[in-house]
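Starting from the structure of chain X, add chain P where the hints point.
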Amino acid sequence: MDFSSFLLMRHELILLAITLLLIIAEIFIPHHKKSNIVHLAIFLFGIHTVLGFLGLAESSLFGGMFRTNEMIHFFKNVLNVGVLIVLLQSADWLQEKIVEQQRGTEFFVLLFSSLLGMYFMISAGDFLMFYLGLELSTLPVAALAAFEVSKRISSEAGVKLILSAALASGVSLFGISMLYATTGSIYFNEILEVISVSNLSILGLILFFSGLAFKISLVPFHFWTADVYEGSPISIASYLSVISKGAAVFILMILLFTVFKPLMFVWENMVYVIAIATMFIGNLFALRQQNMKRFLAFSSIAQAGFILLGIITGDQLGFATVVYFVLVYVFSNLAAFGVVQAISLQTGKENMKDYEGLYRTNPKLSLVMMLALFSLAGIPPVAGFFGKFFLFTAAASKGYYLLVFLAVVNVTISLYYYLLVIRAMFLRKSENSIPFFASKLYMRIGLILTVLGILILGLYSPLYEYIFELSSNFM
Amino acid sequence: MNISYIYLIPIIPLAVFLLLGINFQKIKPAVSGYIGVLGLLSSAILSYYAAYQYFFVSGKVDGKYQQFIDKTVWMNFTDTLRIDMGILVDSISVMMLVVVSTISLMVHIYSRGYMKGDPGYTKFFAFLGLFSFSMFGLVLATNLFQIYIFWELVGVSSYLLIGYYYTKPSAVAAAKKAFIVTRFADLGFLIGILIMGYYTGTFDFETLNNPEGSAILNWASTSFMGLSVITWGLILIFIGGAGKSAMLPFHIWLPDAMEGPTPVSALIHAATMVVAGVYLVARLFPMFYFVEDGFALNIVAYVGGISSLFAAIIAITQTDIKRVLAFSTMSQLGYMMMALGVSGYDGHEGVGYMASMFHLFTHAMFKALLFLGAGSVIHAVHSNYLKDMGGLRKYMPITNITFLIAALAIAGVPPFAGFWSKDEILVAAFEHNQLLYYIGVFVAGLTAFYMFRIYFGIFWGKEKEYEHTPHESPMSMAFPLLFLAGMSVVAGFIPFSEYVTPDNKGFEAHLNYPLAAIAVGVGVIGIALAWVFYKKENSLSDKYAKSFGALYKWAYHKFYFDELYMFITKKIIFNRISAPIAQFDKKVVDGTMEGIGNKTVVVSEKIKGMQSGKLQDYAFAFIAGVVVLAIVFIYLWTN
Chain X
1 MDFSSFLLMR HELILLAITL LLIIAEIFIP HHKKSNIVHL AIFLFGIHTV
51 LGFLGLAESS LFGGMFRTNE MIHFFKNVLN VGVLIVLLQS ADWLQEKIVE
101 QQRGTEFFVL LFSSLLGMYF MISAGDFLMF YLGLELSTLP VAALAAFEVS
151 KRISSEAGVK LILSAALASG VSLFGISMLY ATTGSIYFNE ILEVISVSNL
201 SILGLILFFS GLAFKISLVP FHFWTADVYE GSPISIASYL SVISKGAAVF
251 ILMILLFTVF KPLMFVWENM VYVIAIATMF IGNLFALRQQ NMKRFLAFSS
301 IAQAGFILLG IITGDQLGFA TVVYFVLVYV FSNLAAFGVV QAISLQTGKE
351 NMKDYEGLYR TNPKLSLVMM LALFSLAGIP PVAGFFGKFF LFTAAASKGY
401 YLLVFLAVVN VTISLYYYLL VIRAMFLRKS ENSIPFFASK LYMRIGLILT
451 VLGILILGLY SPLYEYIFEL SSNFM
Chain P
1 MNISYIYLIP IIPLAVFLLL GINFQKIKPA VSGYIGVLGL LSSAILSYYA
51 AYQYFFVSGK VDGKYQQFID KTVWMNFTDT LRIDMGILVD SISVMMLVVV
101 STISLMVHIY SRGYMKGDPG YTKFFAFLGL FSFSMFGLVL ATNLFQIYIF
151 WELVGVSSYL LIGYYYTKPS AVAAAKKAFI VTRFADLGFL IGILIMGYYT
201 GTFDFETLNN PEGSAILNWA STSFMGLSVI TWGLILIFIG GAGKSAMLPF
251 HIWLPDAMEG PTPVSALIHA ATMVVAGVYL VARLFPMFYF VEDGFALNIV
301 AYVGGISSLF AAIIAITQTD IKRVLAFSTM SQLGYMMMAL GVSGYDGHEG
351 VGYMASMFHL FTHAMFKALL FLGAGSVIHA VHSNYLKDMG GLRKYMPITN
401 ITFLIAALAI AGVPPFAGFW SKDEILVAAF EHNQLLYYIG VFVAGLTAFY
451 MFRIYFGIFW GKEKEYEHTP HESPMSMAFP LLFLAGMSVV AGFIPFSEYV
501 TPDNKGFEAH LNYPLAAIAV GVGVIGIALA WVFYKKENSL SDKYAKSFGA
551 LYKWAYHKFY FDELYMFITK KIIFNRISAP IAQFDKKVVD GTMEGIGNKT
601 VVVSEKIKGM QSGKLQDYAF AFIAGVVVLA IVFIYLWTN
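Heads up: the protein sequence lines correspond to chains X and P, in order.
Per the working numbering, residue 1 is the first one in the first sequence, and the count goes up by one each step.
Per the working numbering, residue 1 is the first one in the second sequence, and the count goes up by one each step.
Honestly, the hints are just simulated from the structure, not real lab data.
It cannot be assumed that every hint is accurate.
Selected chain X positions facing chain P (Cβ under 8 Å, derived; list incomplete) [as the list claims (entries may be wrong)]:
id	residue
1	K160
2	I162
3	L163
4	I202
5	P220
6	W224
7	N269
8	M270
In the BS3-like style, the derived pairs of lysine-lysine whose C-alpha atoms are separated by at most 27 Å in a straight line are [said to hold, decoys possible]:
id	chain 1	residue 1	chain 2	residue 2
9	X	K353	X	K33
10	P	K571	P	K553
11	X	K151	P	K608
12	P	K123	X	K364
13	P	K123	P	K28
14	X	K349	P	K571
15	P	K599	P	K462
16	P	K599	P	K116
17	P	K462	P	K394
18	X	K429	P	K558
19	P	K558	P	K546
20	X	K440	P	K26
21	P	K387	P	K536
22	P	K26	X	K364
23	P	K586	P	K176
24	P	K71	P	K60
25	X	K353	P	K608
26	X	K349	X	K151
27	X	K353	P	K599
28	X	K349	P	K608
29	P	K553	X	K151
30	P	K464	P	K394
31	P	K606	X	K353
32	X	K364	P	K571
33	X	K261	X	K97
34	X	K398	X	K97
Each residue gets a CB set at the ideal place from its N, CA and C atoms; glycine is no exception.
This is chain X alone, in the form it adopts within the complex:
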């Protein structure tokens, strides 16, 4: 047997190797030097991220269970960059709080396992691989959400996540079995050929969709989001809101565009309704949040609603705009979470009120936050503007004018609450604003990367063209 074809799984194999290496290192590194684990893990993952940019052939393995192509490869790189930033931003937290409890390695192993699950999920060629990937990506995160064992709220977040996830994946599996019942196959390309419109296949689609909608936190499958984000460590909240959501959007889109293409007349209406509900619910809840983590949770729900505007089109333009938007969203949201993380780590403060007068004491941090929120709100010339603009163009090109109009209304609402934070930082004065502090090196690199991402994506458009070309892989 020719094992060289296994190299198609290069991402997965290297990540697995890193995970195992960390477990071995845990055994050999003496107790008082455990903080080296953090350096090692970030170093190795950094190399993995860089290596990821090497090209990869388009092919499939294991009789079609695993497949990869340029688009999938690109998206894995996006996930890698996102995870690298998450790691950089959480390095200080790990070294200060977690390493002394001897649980540093545990964190990395769980996180990398979850990422591995996502790789398999988006590379899946059949529903079995997809389901395995989905489970592998979710279960470790539940453990990570409960990672701060001393905090009751963290344990609560873990329990809420695992129970909701179990429900969601159960429902999803139920849907998959119905699809198997109607088509007699679990392979994507075989299902595509034989799937027909029947009550059972539509029900299968709806159940399957709900399972992924849970991961993307679309209304009404979103309720866990705010509680879990608030309770989990900030790194995990940002991981959930960016990486986990991004991967789920990606695979959902692939499946809707390929396997469920014959049922498009059903799912486009479904997406339509859910998009409107998600945008409004997310925004209306975000308006009143005081806790920054809950605030970002609802904002990320609203952002997911915008993403659906690209998915609803079902064509290459929509695909490219969604991938581009996710890419922009990765950087913008990670920048926002990074600032929240830096402040929370230094002062333990997480409320919007605590941010008052921040610009006077920590101007650079405030500017990063401002850039991130401008990008999330979609103000030109930062990346977020183009992300939203392209999504709206895509939806409008299919004639969904009412939907685009409602989305614009929602952009206006979201602008209000994003500006609330900016007003607190820049215009409000406060007696006890957070005093000046200097972030550590890792955090700085993490924030600088996000800022670069936001600016470069906003000003350098050929990247979008590149994504558009890659999108033809799934057309």
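Okay, now just chain P, sitting in the frame of chain X:
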């Protein structure tokens, strides 16, 4: 020809701007001055090298100066319509590089002395860097949209620098005025760009300007109100240019812009930014010339000629020396526009275009010199007004001599630079439009008169009682004066017609002796009159001013243009139109919006209870969601 190094010319000032702008509290003033000068010096050296390479080594292929373009796609609209970013190297852009970098370098050096001790020293150099970057970018633009982007950037830097003394209300008002007035003109420019893009399918200068290209050949395909839409586009673009170049009726911002520090006036409001409008017309010259037999170009000619006359008359009556120079700038810009307007295209026919660019070049040198000299004087006597000056030649010999050279140059006395370029302009006007020729000659006389009026007023006449004895400026300020004086002497001998012509082939220009003699004669008469009136303090000038009566008063008040605009905006637009609209906005629009906003908050408060924190509720919502979706999409909404 390798042009990639030309990218450095704009990038270096940008780097200076970022460096000084971000760290302006940390960098010491002395250091920031050096950084600014060094940055511009490198840009200038690169510009000179580029000019040498282009004009003498590799620019000319098959007897014709070529265009070298390097660009990348920035935004795609359709297959043909797209916005590029890049650089375009041809004869006029290279010439402009030389002008901008020379003047900017001199102003940087001069500012080290002039701005000494100013609290915002570093910030000042940062803004100069931003301006230089924008101006280089404007000059090198490859398409209409790119030029528009830098056009606005130049406007912003000009705004920042006019309002540099932001504690002075008049400076703030002047900055706003300059910005707003040019914005109005830029609106025309933008509409013009969009018309061009829509009807020709491209923003690229190269494609637009191709005499055999579709943009020029098909101008007649669509018309609007009796003119081709392309002509409309060109007129609108020219409105943008008229705004920047202070042509009638957009000139009102230029005199007020003198509130900025004097080096800024020299750089932006005399030598570089204000010629952007002329440059824009020259950039699109083939279009202006070929489309509808040069209809738009005729407008350019008349607007230029009338502006030039108008400004020269006002200049005679002003008492603030910087304002005299400002109106003189406007008048000379009108000259350049007029020269473009009367130009042809092929061979010697293109003399107007050549003369316009030539005059742009020489004018930049001597007008910057005049401003810097005026700055030197203002520095010494702490006043802008002629009444506070007189007899300064004893105290300021260098300033005196250099100012005199510049004044002779602008008055068109041979062999100084202005004589050569002005002569070519008059030749072009004489050959194409006699009326404009006579205006041009008359303006030449006026120019000599008002220039020597302030020259004699400053350096001769009766000595005033100065608070402290005026003294010559330090070397950092004297050096640019000397350098520019040298340029004002020799620049005229550059055989421009071999390098810069519309068809890029070059021709040999000859001095037209009769015309030159008339021009010189008129100039000398102007100088002589000024001599009589102003060399010694006497009452002659007041008597004549009285005898002109109303005309003098009109001119002194700049023909009441400001008052007219104020009347239109304040009385008519604000009261009759804006006020009712504002009421409507406040009552109806805001009311609706606030209502919606309040309702949003109320709704958001009401639904808060949905998020109970109980997991069983969440699970219920989840299952209910699935069930509802299933019912709806299986039974109800089945298309």
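How the hints compare with the structure:
1. K160: 5 Å, holds
2. I162: 10 Å, violated
3. L163: 6 Å, holds
4. I202: 5 Å, holds
5. P220: 4 Å, holds
6. W224: 6 Å, holds
7. N269: 6 Å, holds
8. M270: Holds, because the Cβ-Cβ distance from X/M270 to chain P comes to roughly 6 Å (cut-off 8 Å).
9. X/K353 / X/K33: Given pair X/K353, X/K33 is violated - Cα atoms ~39 Å apart, limit 27 Å.
10. P/K571 / P/K553: Measuring from Cα to Cα gives roughly 24 Å; hence the hint holds.
11. X/K151 / P/K608: 25 Å, holds
12. P/K123 / X/K364: Holds - the C-alpha atoms of X/K364 and P/K123 are around 20 Å apart, at most 27 Å.
13. P/K123 / P/K28: 11 Å, holds
14. X/K349 / P/K571: Status violated; Cα separation ~55 Å.
15. P/K599 / P/K462: Distance of about 76 Å is beyond 27 Å: violated.
16. P/K599 / P/K116: 58 Å, violated
17. P/K462 / P/K394: 12 Å, holds
18. X/K429 / P/K558: Given that 27 Å is the threshold and the Cα spacing comes to 48 Å, the pair is violated.
19. P/K558 / P/K546: Given pair P/K558, P/K546 holds - Cα atoms ~17 Å apart, limit 27 Å.
20. X/K440 / P/K26: With Cα atoms ~23 Å apart, X/K440 and P/K26 stay inside 27 Å; holds.
21. P/K387 / P/K536: At roughly 13 Å apart (the allowed maximum being 27 Å), P/K536 and P/K387 satisfy the hint.
22. P/K26 / X/K364: 16 Å, holds
23. P/K586 / P/K176: Holds, at roughly 25 Å.
24. P/K71 / P/K60: 21 Å, holds
25. X/K353 / P/K608: 20 Å, holds
26. X/K349 / X/K151: 15 Å, holds
27. X/K353 / P/K599: Cα-Cα ~24 Å, so holds.
28. X/K349 / P/K608: It holds: about 24 Å lies between the C-alpha atoms, which stays within 27 Å.
29. P/K553 / X/K151: 84 Å, violated
30. P/K464 / P/K394: Since the Cα atoms of P/K464 and P/K394 sit roughly 13 Å apart, the hinted pair holds (cutoff 27 Å).
31. P/K606 / X/K353: 23 Å, holds
32. X/K364 / P/K571: Distance ~46 Å between X/K364 and P/K571 Cα, so the pair is violated.
33. X/K261 / X/K97: 48 Å, violated
34. X/K398 / X/K97: 51 Å, violated
When the structure is compared with the earlier hints, violations turn up for hints 2, 9, 14, 15, 16, 18, 29, 32, 33 and 34 and for no others.
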